[in-house]
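Chemist: Each chain, letter by letter, is given below.
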Amino acid sequence: MSNINISRRDFLRLAGAAVTATAATAAQAALPQQAQAAGSAKAPEWESKFGVCDMCFNRCGLIARVERGVIKKLDPNPKFAKSRGMLCARGNAGVDQVYDPDRVKTPMLRVGQRGEGKWKSIGWDEALDLCAAKMKDIAEKHTRCGMLFSAGADTQSQFVNRFAEAYGSYNVTSHESLCLLSGSRAFVDTFGDVPQPDVKNSKYVILAGANRMEALVTPDSMDLMAIMRQGAKVVVLDPRYTKSAALASEWHAIKPGTDMAFMLACAHVIITEKLYDQAFVAERTSGFDKLAAHVAQLTPQWAEGETGIPAADIARIARELAAAAPASMVYPGRRTSDYENSTQIRRSFAIVNALLGNWDRPGGLVPARPTGLKKVPFEAPFYDDNPPGRVDMKSVPLLFDDEGSFVITRENVIKGAPYPLKGWFVYKTNPMATAPDRKKTREMIDKLDFMVVVDITMSDTAWMADLVLPAPSALERQDPVQALQSGAEGACLVWRDPVIAPLHQSRPVFEILKALSAKLGFPEAFDFDIAKYRELQLAALPEAAGILKRDGVYYPPNPPLGGTDGQPFKTPSAKIELYSNRYAEMGLEALPVYQPPKTGGEAGRRFRLVAGRSACVTQASSTNNALLSEFEPENTLWLNEDAARELGVGQGDVVEVESPAGKGQLKALVTPKIRKDTVYMLSGFGSVSGGLSRTKGVGASIVEILESRFDAICGNSAIHETFVSVKKKGAA
Amino acid sequence: MKRSTTILSALILVLAVVSMAFAAEGNARKGKYLYRQKCRACHGATASDLSPNSKTQAEWKKAFAKPEALKCFKDWKGVTPEEKNDIFAYLHDFAKDSPSPAKCN
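These protein sequences, in sequence, are chains A and B. Under our numbering, think of the first position of the first sequence as 1, with each following residue one higher. Under our numbering, think of the first position of the second sequence as 1001, with each following residue one higher.
Some clues are possibly wrong.
[Said to hold, decoys possible] If the Cβ cut is set under 7 Å, some of the chain B residues that face chain A in the computed set are:
id : residue
1  : Lys1030
2  : Tyr1033
3  : Arg1036
4  : Asp1097
5  : Pro1099
Hint data in this document are derived by calculation from the structure and do not stem from the laboratory. We put the CB at the ideal spot given by N, CA and C, even for glycine.
Here chain B stands alone, though its shape is the one from the complex (with noise of 0.2 Å):
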């Protein structure tokens, strides 16, 4: 019981791993649409607190490899799985280090 568990546990994290090396293949359009629908009121309404730009692409990576233990993960309810790869693809595509950095202030 006890190896099958670890046996689980190790898939669970191998498909997370590629779910996450999905999630940039996510539409980061979308995401840029969601992410003002269901993030921005919470994350800085003069845009300004939270963009793309506030992390590197590997910060991202890791936010969202373990999203629960972001303090606003309860609010994260009404985001579908596929939403979130959305969302995941904006801030990491336009990410401060990415190839496109989104412009900010």
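Extracted from the complex, chain A is given alone in its bound form (with noise of 0.2 Å):
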């Protein structure tokens, strides 16, 4: 596999507008209207208006470019350091999110069954009412509990939260559990703390189940290429040759779910030849000993029989990856909701990372830098009649209480236990498209009384409520500071004012949430508005508000580096856990021990499927965009063409896929730039929502084919766990 050759045009040709960006040309273009004004050149007939990016959560800075009060351009803001002056595609395609046929334009209530797309539009009152009046009844009937609120990435989010906290619900679900938990509960175990990988100091980094140069992340997508230009090395593993693996320094097809054996192999090579950071380990680490002993045996030529990486590279990169600490790092990657063992499986990048001695050191991993923000207190009622907790909870050994689980709050939805949830309130984020199995996410809704969605379009999942709320863009409304991590170089503060007015009949979920508080008899927990709110965030830092108005942006003071130096770590110890006792305690295992992965072929099951993503697509949130459609109309099946070859699928030729959960057809993209035990295709395709005027019924959808699993320590879903088999349409 190690062999795959593909050429830089043909990568080029593929990438479209992968990773390329508008940069921030000339000046001029840039600078708000008055500053243009001042010239001799006459002033443009548009206004230029900061915004902040909505298309995925990086939320990167922007200038709108505003005719008569129409968005015609959107170009990056050059003071928004995080994204180095450019925002991406998708960024640019965010003015046809705006402007899309497919919003919801008014209150839509369900007239018809569930899922059979029979709407009546209503007025704000009427659907305010009858969501405050539901909300009543299931308090009374269920508990506060019986209601579920589940808000997605969205600066807004937090008054979802704020809410159910009090309306009275402890059951409250965002994206995370369907996305990065695993990796937080890695790292807060072993480190205490969720570090921010210093990507633009770094002259050496692994990526593992992380495909950044499509799955952006700014700074951190331009900065791997801005180091590799000044010698640094990448080193990608993935068994897709995906557009990181070409841009990289090097690349290796690792067999799926083989990362902990890479890993504990490059600790074996670092630890037996002593290439760690001795004083570090020996002052800021606990459980050295038993580490070096877990891994005696762990050698590359191990190593290489698991992870399909010949031993010579796996010891050369450890020892490459040494040499270059502490500016060096296992990329601690975001999306970790791969396997049952994710949290293991990520606590094998932490500990390499701490052998390196890189924490708080400039090109190794820093904790998050401090944003100055307030939060702004509220006191919320307390239920003596609700349950003793979340419906999910002692259902993992390490659930985060704030988060939850998804996966099992939807079975436990189902099961009616340990208690019935019956209400669900939903924004901005579609379990419908992106939990795996979807038969089970339309299961649960079965079991609902009553369920509200607000989003901007008709999603799969707004598609199976009772009512649906219309919200207007990003670029419609304002919202609260938000502070967003940028490496080393610290935090930086954004907020948003309205660019346009918002279209429609659309009402920003704080509205809708600020009314229903005042119709269910806790107004005092929304007694503000969101200039007053900012004002409270904002209460350490004087000066913020008035730059944030002039540059689109605020930096809060960032101290130097190394400050954590002979503090404690937020653990158990107050050291790096590498052998965590806590999980000792738990009777999990302490130190990462390798588990083999499953393998496929029953039933004709061979090859894994795994997800990921086009630097064109944020799941199913943009699929449906005109302009980003362009790019990716449809999802195909990669296949292996040795693969291909044995079952006779020729390339484009449509494709059944199936596993235990479910199936889908879809076109095959027959490539050598996939392992032959791998299948891969996009999220956000074969919607079944009548309101998706692109998608719906277009390619396969992912989670129709995933089962349903998660990680065993933390709950997060799993989505590499799946095994296909794959069949050209019609054949027997």
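Given two chains presented individually in distinct reference frames, assemble the corresponding complex, making use of the accompanying hints.
Modeler: In structure tokens:
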């Protein structure tokens, strides 16, 4: 596999707008209007207004060019350093999110069967009255924990959490348990913190289970390219030849599910050859001797048999990584919803980082930088009749109480145990398109008495609701201050003011919740407007508001790195826990113990299905975008050319992909760019919603095929644990 | 007499340790509510000055093992033993080195 050969031209042709981003070109074009007018040139007819992108979670600063109240173009905000003065393809396509004819325009009440698509447009008064009455009813019949609140990554999602607490429900899920929770779990349990990678100053980066050139994270994606130009090395481990693989210094087509073997072998080399930071390990870590004994037999030769990567390469990479330390790292990654043992896999990533002594050092892993923001406190009532905890409580050993597990919550709603959960408030998250095993999500919804979705478009989840409330796009609303982390450079603060007036009858979720809080008898939880809320958030940063208005971004003071030297880590031992005493006490493996991944084969299911990203797709939230769908009009099944030959599948043939959970049909992309034992497809296609004109029934839905599995320690979904069969449509 | 005092002290100590062991069984959710009601007036209206994340689990245990040593103990008059347990459970369960540290800025 390691000799897959893809030419650079081939990559560029395929990449399209992937990593390419619109540079902030002429400074003139980037300046707000008044600055332009000062010159001799005639003032343009358009206004320039600061905004913050919402096409993914990065929230890059932008400048909207507005002509007679209509947004014509989005440009990067050159003062927004986190995106290195760029706006990606999705960011540019944000205009079409605003003017998408598929937007929900008025409150919509379901009048037919659930999912049938029969709706009646109603007014806001009726919609809010209905919503409040249903929530009151559920509280009376099932206690307040009978309502589930789910909010996606959005600057107003904090208001959903606030509302849930004031209403009295413990059942809140975010997108995290369908995404990054295993990585957070692993780093909290090892370092006591979720660190930020300082890619910009790094000399050696191992990207394993992260495709940073397509799953863009600013500034990391840009910085990876920049540091390679300066001589740094980036090593990619991926069963697919992704854009990251194509652009990296080297790529190894690792067997899926074996990353831990690679990391443990790296630890073996670094320890046996005494390449680790001995002073750091002695002073700041605990359990080194146990780790050394644990990896003593886990040689690169052993790991070669597991990973498929030559032992000599593993040993060399480990030595190179250590030689570049502390300005080197195993990149922590983000989406870690892979395997049932993903927390332990990511623990092995954390442990190799600890051996490098890269904590709080340039080019290593740095603690989150201070933001200066204040919380806005309130006093939520306590309801004595509530059950003791979340509906998914105690389902796994180390659930994050404020995140929970969507997959387990869904299971418990279906079972009606430990208590019934009958209402669901959903804001800007789309589990019907993002949670594995779509039939189960549907089954969960069928157990509900009331479901309300607040969103911009009629997502697959909204399509199943009783009531859909139209939200404005991010360019039409005022938002609280949001802090964004950016490695060692420090945090930055952004906010949003409307670039244009809200379209249609849309209302921000803040206003919806404020109105509902009054109707439900707890108006004090929302006794502010956004302007006041921002003031309270910025109470310790008196100059910030003025600078945000002037520049569209504010950089709070950023102390130099090394500030945590000599300070205890936030772990029970106050050190980095190579060996986790907490895990030992709980009966969990205290060191990551490698288990070979399961193998497929049953009923012809020989391929492991893996998920991933294109730089033009933010899961189901962007695939229906008119501009982006030109780049990714449908998903295809990446199928290795040798496997395709064996199956008699030709380029572009429609194939049927089937797992125990479900099946789908899509075109095959026959390619050398994927291992023979692995297949891949994009998420966000094969939609069921009649409100998504570009994706309904187009391609296959990955969540229809993925089985419902979860991380045994933290409950994060595990979406690389499904094996599928593939056959040409119509073949026996 | 002296001996019985010693035994009594030892017994009190044992009871104190046992009660602290039970304390973690307090209702952390109710503790959050009670903390806001009874503690936050002094400990930070911005909620950033003192939170579960301000101390480690061991530090919270130490503080609650001998609350009379705390400067604010004089203001604890209206707090029942059960409420104290709940507040402790909240602070302890979401301490900075806990498995689920409270999120703060």
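Chemist: Now look at each hint and say whether the structure bears it out.
Modeler: Okay, the hints, checked on the actual structure:
no.	hint	verdict
1	Lys1030	6 Å, holds
2	Tyr1033	4 Å, holds
3	Arg1036	5 Å, holds
4	Asp1097	5 Å, holds
5	Pro1099	5 Å, holds
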